[in-house]
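Undergrad: Next come the chains, spelled out residue by residue.
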Amino acid sequence: MKPAPFDYAVPRTIAEAVEALGDTGRKAQVLAGGQSLILEMHLQRVRPDLVVDINHIPELDGMRVEGDELRVGALVRHAAFEPATAVPGPLGTLLSKTVVNIAHPPIRSRGTMAGSFGWAHPASEWCAIGVALDATVEVTGPDGARALPAGDYFLGPHRTTRRPQELITAVRLPLLGENTGVSFIEHRRTHFTFAQVAVAAALTVHDGVIADARIGLVNSADRPIRARAAEDSLIGTETGPLPAGPRLPGEHPFARAGRIAATQDAAPLDQPYADAEYKRQAIAVLVGRTLLEAAADQRARLTAREGYHR
Amino acid sequence: MVTYPYRGAGRPEAAIAIERTMDLLARRLGMDPIELRRRNFIPPDAFPYETPTGRRYDSGNYAAALDLALDTLGYEKWRAERDRRRQDPDALPLGIGVSCYVERSGGETGGLHEFGSLTVHEDGTVTARCGAAPSGQSHETVFPALVAKVLGIEEARVRLIEGDTGEQPEGLGSFASRSAQVAGAMFQHAATLLIDEARARAARLWSVPADQVEWVDGTVVHGSASTGLGDLVRATGPFRVEDRYEAGMAFPFGAHVAVTEVDPELGTVRILQLVAVDDCGVVLDPDVVHGQAFGSAVQGIGQALYEGMAFDDDGVPHLPGGFLDYLLPTFAEIPPIDIKDTCTPGPGTPPGAKGAGESGCIGTPAAIVNAVADALRIADPDLLQMPLTPDSVWRAARASRHEEGAR
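Those protein sequences? They're chains H and G, same order as listed. Here this note's numbering = 1-based position in the first sequence + 40. Here this note's numbering = 1-based position in the second sequence + 4.
Please keep in mind that the hints were generated in silico from the structure rather than gathered at the bench. Please read all numbers here as calculations on a predicted model, not as lab measurements. Backbone N, C-alpha and C define an ideal beta-carbon position, used for all residues, glycine too.
The following residues of chain H were derived to be distant from chain G, with all beta-carbon distances above 12 Å:
| hint | residue |
| --- | --- |
| 1 | Lys42 |
| 2 | Val86 |
| 3 | Ser136 |
| 4 | Gly181 |
| 5 | Arg186 |
| 6 | Gly217 |
| 7 | Asn219 |
| 8 | Tyr348 |
Here's a subset of chain H near chain G, in silico, CB distances under 7 Å, partners left out:
| hint | residue |
| --- | --- |
| 9 | Arg229 |
| 10 | Thr230 |
| 11 | His231 |
| 12 | Phe232 |
| 13 | Ala284 |
| 14 | Pro312 |
| 15 | Tyr313 |
| 16 | Ala314 |
| 17 | Tyr318 |
| 18 | Ala322 |
| 19 | Val325 |
With the hints as extra help, turn the sequences into a complete structure.
TA: Laid out in structure tokens, this is it:
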């Protein structure tokens, strides 16, 4: 199929883009990587009157560290996060471990992180990380710029607190400290498909005791969610000797956190080949395994650091 | 929209029913499933073999295919690993599954024939026409090569035209793995007709008996006189032979073996190795048959693990994401696959070829499902229904474990 007819604007500045989006008489869509939008337009499930192509706005490109945050411009492609060294510290590791789960290399070379936040698919890897880490979504509209906390940003599938006339200019993620270990595990039927369930975890450990836990759940509700009850169950817990994995003893704190995430935090929806009961099982297992990997990552960082100082 | 037959339709269903039953029977008897199969193979000297259901199996050596499959796999090594993992609570369970299929190729009685012709041109080239129609089986390579081989001329001098009723009005087509077996036999027959016609024309030209004219690599020869095909056409006029040729039904077979690792907590199945030994009689083109067997085995993986249509309670297809939920294996899902063959010629046609190309999706699914059942050791095989999606395997894994020798 071909897309329904649409007008096409190519602004050169954020101000021009916002002006183009500001016409409330026409339904507008922002085109960045277009890896979801163009497919949906071809299927005519999305029929914008106007497509605003932001690819020629230089100020939206590039990412940089600002204070204790990473600011990712709206044109930064998924592929930019593939090298673990692209972003400093454990955050770089987490993004690099995650990005390979996003579709295929050609899609990653074009699709953008900010675009994922704009599209707000419940199975988006980036969005779950954003929620877990308290990211900030920067938007600019006719009434000026706003900074939207990711925790409140997602309202449901493809629904966010961004207003239609607002353009996402960047996503800001907090850098993670050296005592934080990270991991990301995705479960899907083939490499081609969206995640049935995926989990992002960041564990901050001081002297063998968990001081902070961040758990993001992918495709475990009608929006990306943070498993707060599971996180709370871990605070103050000693990591202790780590099992070899991947399977955890049922009484292990990580396995317990997995069950809490599955029963208290998640609100999974039935899908073909993954009903809510199965998804809860997968969430419980994946949360446990992801926490185990994050704890092992933290321990490896500690060992490397001690080796360096010795 | 272009539509075309799907590989194996009907035969995978029969194979999975038989091969799952064999494994279930072996368990109930407390016997090794491979040994049970060996004891029940039809021996090579029993062919042609009349089956109780009224089929006449043409030829076969089933044990040879199974032996080659197990050797190629390294069966003893994998069995030791499986047994080791059964003692290790941290290891993911591993299973080995076997499937020894027999299929029928060519078609049913009344549909075992094909039409075709060979036309010789003044430049000495030959145009071959037939009623088969390819959907990727490399007819363009195999049929001209077969005609050229019989005639003793270069392959480049034979051109194939198919799938055009303006060129070839009658034809049955490509299905039931019949192209090489039936259309191939037709072309071998037509090439023989061409040789006979060429000798008859030369005999009239030279006023000698036809049986004194020899055919030598694309030329007719009598004593010191010889004429090539092109000159013969120029001297004697338009040259075309055509016929309808009827082949016999054939029964290709093989042994497929799969090793799978199952994550019981998530229900994911990982194929660690797949061996497919097929016997399609005389192979006309090894590269083509190998490619067909490989693609077919991948399709078998698709059937076993991925391809499925969900329906709601009212029988309405439930695929909100379309083909995002109807999955095919992609490059990332392809395990190590060994494709091997044994050769038991088919007596039903002069070339000795039996059907190839559908074998993988017939033999492979049952091997994979048997391997998953072996890994999980579940008592009720009905719990494992294709496609073995993670959710269905997880539910099967939760069911009570099979006890050795339980009846």
